[in-house]
Amino acid sequence: MMPIRTDIKKIMLIGSGPIMIGQAAEFDFSGSQACRSLREEGFEVVLVNSNPATIMTDPEMADSVYIEPLEAPLIGEIIEKERPDGIIAGLGGQTGLNVTSELAELGILEKYGVEMLGTPLDAITNTEDRELFKQTMENIGEKVPRSKAISSLQEAEEVIEELGLPIIVRPAYTLGGAGGGIAHTKEELLQIVDRGIRLSRINQVLVEESVLGWKEFEYEVMRDSNDTCIVICNMENIDPMGVHTGESIVVTPSQTLNDEEHQMLRTAAIKIIRELGIEGGCNIQFATKDGEYRVVEVNPRVSRSSALASKATGYPIARVTAKIVVGMALDKILNDVTKKTPASFEPTIDYVVTKIPRWPFDKFVTADKTLTTAMKSTGEVMAIGRTIEESILKAIRSLDNDMDFEIKGRDDPETVTLLKTPTSERFFVIYEALKKGYSIEQISEYTGMDRFFLQKMANIVNMESQVAEQLFQNGEADIDLLLKAKRMGFTDSRIAKCCSKTREEINDIRRDGAITSTYKMVDTCAAEFAAATPYYYSCYETMCECKPTDRKKILILGAGPIRIGQGIEFDYCTVHAVQALREEDIEAHIINNNPETVSTDYDTSDKLFFEPLTLEDVMNVIERENPDGVLVQFGGQTSVNLAIPLQKELARRTDLKTKIMGTSPENMDVAEDREKFNQRLAKMKINQPDAGYATSEKEALKVATDIGYPVLVRPSYVLGGRAMEIVYDSADLERYMKEAVRVSPEHPILIDDFLEGAVEIDVDAVSDGKDVLIGAIMEHIEEAGVHSGDSACVIPPYDLSEDILETVRDYTRKIAMALEVKGLINIQMATKDGEVYVLEANPRSSRTIPFVSKSSGIPLAKIAAQVIIGHSLKDLGYLQDREPSLNHYSVKEVLLPFDKLPGADPVLGPEMKSTGEVMGIDYDFGRAFFKAQLSADNLLPLNGKVFLSIRERDKEAIVEIARRLQEMGLELMGTKGTAGYLSDKGINMEAVMKVHEGSPNVIDMLRRGDVAFIINTPTSRQSRKDGYHIRRAAVDFKVPYITTIQAARASVEAIKAMAEGSSTIKSINEYHEEIRRNN
Amino acid sequence: MSAVIGLEDGTIVTGTGFGAEGTVCGELVFTTQYTGYEEALSDPSYKGQILMFTYPLIGNYGVSDECFESDGVKTEGLVVRQACPDPFHHNSKRTIYKLMEDEGKPGIAGVDTRMLTLNNREHGTMRAALINGSDDGEAAVQLAREQPKISDIDLISKVTCNEAYSVKSKINTSDKKHIVLIDLGMKAHIMDSLLARGMDVTVVPASTPASAISDYEPDLLFLSNGPGDPQNAIEATKAVNYFASELPIAGICLGHQVISRAMGADTYKLKFGHRGANQPVKDLSSSIVHITSQNHGFAVDNDSLDSTELYTTELNTNDNTIEGVAHRDLDILSVQYHPDAHPGPQDTEKQFFDKIYKMAGGDK
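Heads up: the protein sequence lines correspond to chains E and C, in order. Position 267 (the first sequence) corresponds to 267 in my numbering; numbering is contiguous. Every number in my numbering is 1079 more than the matching position in the second sequence, counting from 1.
Note that these hints are calculated values from the structure, not bench results. In this text, all values refer to a predicted model and were calculated from it rather than measured experimentally. Not one of these hints is a red herring.
Keeping only pairs whose Cα atoms sit at most 16 Å apart, straight-line, the calculated EDC-like set for lysine to aspartate or glutamate is:
| no. | chain 1 | residue 1 | chain 2 | residue 2 |
| --- | --- | --- | --- | --- |
| 1 | E | K1038 | E | D1004 |
| 2 | E | K976 | E | E997 |
| 3 | E | K484 | C | D1191 |
| 4 | E | K332 | C | D1362 |
| 5 | E | K738 | E | E699 |
| 6 | E | K497 | E | E616 |
| 7 | E | K497 | E | E406 |
| 8 | E | K702 | E | D690 |
| 9 | E | K408 | E | E425 |
| 10 | C | K1255 | C | D1442 |
| 11 | E | K648 | E | E623 |
| 12 | E | K332 | C | D1398 |
| 13 | E | K340 | C | D1398 |
| 14 | C | K1172 | C | E1182 |
| 15 | E | K339 | C | D1398 |
| 16 | E | K945 | E | D1004 |
| 17 | C | K1237 | C | E1314 |
| 18 | C | K1172 | E | D290 |
Beyond 10 Å from chain C on every Cβ pair, some chain E residues (computed):
| no. | residue |
| --- | --- |
| 19 | P166 |
| 20 | E275 |
| 21 | Q579 |
| 22 | L681 |
| 23 | G789 |
| 24 | E835 |
| 25 | Q966 |
Glycine included, every Cβ here is placed at the ideal spot set by N, Cα and C.
The shape of chain E in the complex, shown without the other chains (with noise of 0.2 Å):
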């Protein structure tokens, strides 16, 4: 048997950089637990990622941090002064998997004798190139579905005779089956492929035999060198084959395979993984009918899918991976959950867990609902339950969105179109259809779905109809019936809303008749044995295991699941403010439903609850601990939501002591509420945007016409993606309140003045309702306008004179003090002709908080949370009249999704679209803004052709923008018009047609890989088709592209900053250092 590697002394590891769809933070989930493994056996860890906004990139985390562009050419840098002895690729995701490929394919960790950890390279080939995986299965005798590896598209032509249609097309090494699909007609098989072979790592994509309609069912297996093979637990997707798992609702254990089934399927898993070699976590997905099975895929690493089984059963799969992967055997390894037995063994469960993905069409309104084999969700809910009923309840209200079971009176055809055709839907049009009348065999038969399933979704439907009959049958509540709703999963909201009752009724009903939830283990053995962690869910059952100490003990809100808006970094607050907590000895409890995070590690919190974000389900638990306050300024909307009805519950509930800590709710409604706040503001005089609200279209015209065009319009209440516009004249505002907005008394729009070519700023402050804490002022790169979640920042600020920036730190603190701020705080201004000007205020985190504190070394997460709980910034040290000076820059830029989103439009505007963020870190502008640009995929040239297609307003801008990228030896060439303007200008250059124009264009160029670069700025609504093409073009051809004047300038910073000098490689523990040496 293999001891602990002794020769090992310095490993790295590979994060997975932004989220982004089909990767989001189950690698900080991953990467963070490998972290704390490691060190714990001794071993010095040096990390890279490219992400801020992970726990994992905390300076304390690993001995060394390097926050940088996850490239080859720039790890081997890494490589080259760090020299670790190990590599371990198989926590970090696809993106941490192909990294390393490329640096041993490269030759670097042959050169500078780095052993790659755990998965052999071959593993990884014989998995990702399809052709060798199907040999590979076929050597062990395992069936894969017939299927031919192809590279281009005349072999796409001649396969559809071979394999029939419709037909699956896999690309070889690409994240999430980015690229793939199904297609049904030859023309949609050549568009993908087509598609396919550009995404593909090595221009391979595996057309396969179509399994629609099979059963489809994922099973986590470990392997240790000493060849010890468990599986942590399997998975069945609800819906069936032809559905990506990562898009499917899927239940854990499997439900509808009997043992012999299960059994055949387990052990074909681990004769794979035996002979793939791989130690540490693998995935496989197997598609079943009727008893016969095929292996559709095999994941040689941590996956998303391992993340949620790690969440379903306690099993700490990445921990126990990073120890495998230094020699440890699973035997010598210590079940973290009893802390007695060993790893070595099988975890079982007594619930049941249901996955729901969290998908973003609510912000693509023109993008493609069909789920197919490649993602397009950006995040997940898991929901556990002592039955199917109940998990499915509880993970459709941990979802946080307006999808719920309801009748939306959808007619008969266009029922069975959305059960046939799986969307995001299809799950809520099943409960609409069962209220109508359709047989479960009728609904089976559109789904595909397993009719058991069917059958658990008709029980919810019937017991609601029996709650609306009978509950009150008899003038008094039944209370049997009320308990069985209430172990079917129903909120006392939905059981009162079906027998037209309050909330509040039914919940004071449930209590006088002693219905209360009850809190049950995750333990990973079914109670077999004691367990030391402390991770629960809800339940009605007779007997609660979570025991409530007499320690001082704060609950907090945590922030649900992964989406455009609210993604990892308010996971990375909550978790911060957690770690705060615990070093004062405070007892810190979680609640949240988000599989993938660092908060719902079992370890992460004193006590984990995971649970959904609903009044309810936060209420059940501050009934059951009655802890001394709840935080809710840490997760984002979802519990800053929370706030008011939080505080109207618990005055009702006076039995309860519990307190809402931090800055008041009644302050945070101030912000929240235009009116209010502006009302504020004015009584400071401090300047804001002219603003106005309207009831009716004529109201409207005249407010806009008063503070004049163009104006930022909005609606006052938000509805499904409705969204925000710039309005640039009357014509476009009453389009815009015919095609986005109903205009009412009731719902009236907000109008604000849109400051058109300002300068927008964010800071991020703690105050302690005495002083204030400036963590940094980040300038925007894109102008106002662009959603700030969009827009691309930077810290320090390169551009704004001390006058404006002591202006901004100046209505900080007034801000600051008059909304009586405990906590967090982030402004955002704009700034115009040496005018500074406050847009919105949120006292609470914000998503750029991991940004801030990576750049500036100040911890603000953690520093709000020790101020709400008593102490001064005075007391801890923090009494300071600015934020930091620092000597390197540090630009943060987004990661949009619409490679993954066929049909959006890739272009920025007021509504947010970006899933993640990078951070982009060096001594000077221009080299952290190519480093931001790399790491968010957008490699700027050093050389080549640059396409210029620039819009009226921004001609004057660009002269000496293409000015000096011709200097640089940069090739020109532009639209007709763009090329006519700079000629004039004395820049001469090649003229490209339009796409209406005629061939060759600009798209075909693009196509044949002659553009290096675009700059595109749109054009006003009308005109923009054009413009899609092109941007669209440049997304599928993967050509980076810039949308804005402001991104155009900085890049040419960024590339002159790049042709002189190369980037520093340095750890973000070595600049923290500096700013504390300097400051």
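Since the structure of chain E is provided, determine the placement of chain C on it from the hints.
Positioned in the frame of chain E, the structure of chain C alone reads:
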């Protein structure tokens, strides 16, 4: 219909009854497997016990009648959180409700099974009574306390075959072997695994004397699994002693305990047993840990091996209990877990039964 379960410590849990009406007594034991309820319910080792599943949903894929490990349900009763009334599976012939009814066995659903499991874990396995058709908890507790302890019941005679029978292996091999299997409550898949390797099997009742076994001229003597305390397998123990130096001997579960006792080791009752499909067993020769299926309440005492010629071949990594023994000089080998699987992992099936074939003189 209401139903109730009472434990000897006075615990009373009411629920909804299903299956046959009536009262049963036995030890309340829990298993942590989440599939394989048909196999478990029909496993004769559960005779004298009321079986509780920790997984809350039982009966999801119905009952196929193809997965039984014996001729019917052998547990005395069934305790679940939820029994599925409307299963769906391509092989399903009836529901678990119907099965229990047809087999004349009672069940209780709607129970906080995790609470009972914790009780079991803390205080050890207890005698219990399950009444379907009544909610008289006191009566159930009374019945639980009045019944004899499991070691004092001769359960083997209730599940062993009435008379000997032979099954020929259909495997076409020139090197067929003949096994005599003492039926202490055999699971069907032990037989299947032997037959699949070219071994003909003669099954004899547990009370068969050694002299009668000789007449079959076996190549190997095999002791099956079975219910209860190994000290009650009197004739089988004698048979092991009788053949120890003459024949290769092997066994599974209760068979393993009987062989160990015959060789001079002691056995003892575990606090709450090992029942499930996730038990880790370390093969001490290769250091590999295999995941195994288990169902036993008694175990061989580690210390007692010192005074015997047996040595430990395999250990449970959860609690270091003995999972396998072999004899230093004689051809004797036995395991505590179920390499025959059904329910549970098949990870050790090949390794174990290939070895049995070799012990029997097979050379393939």
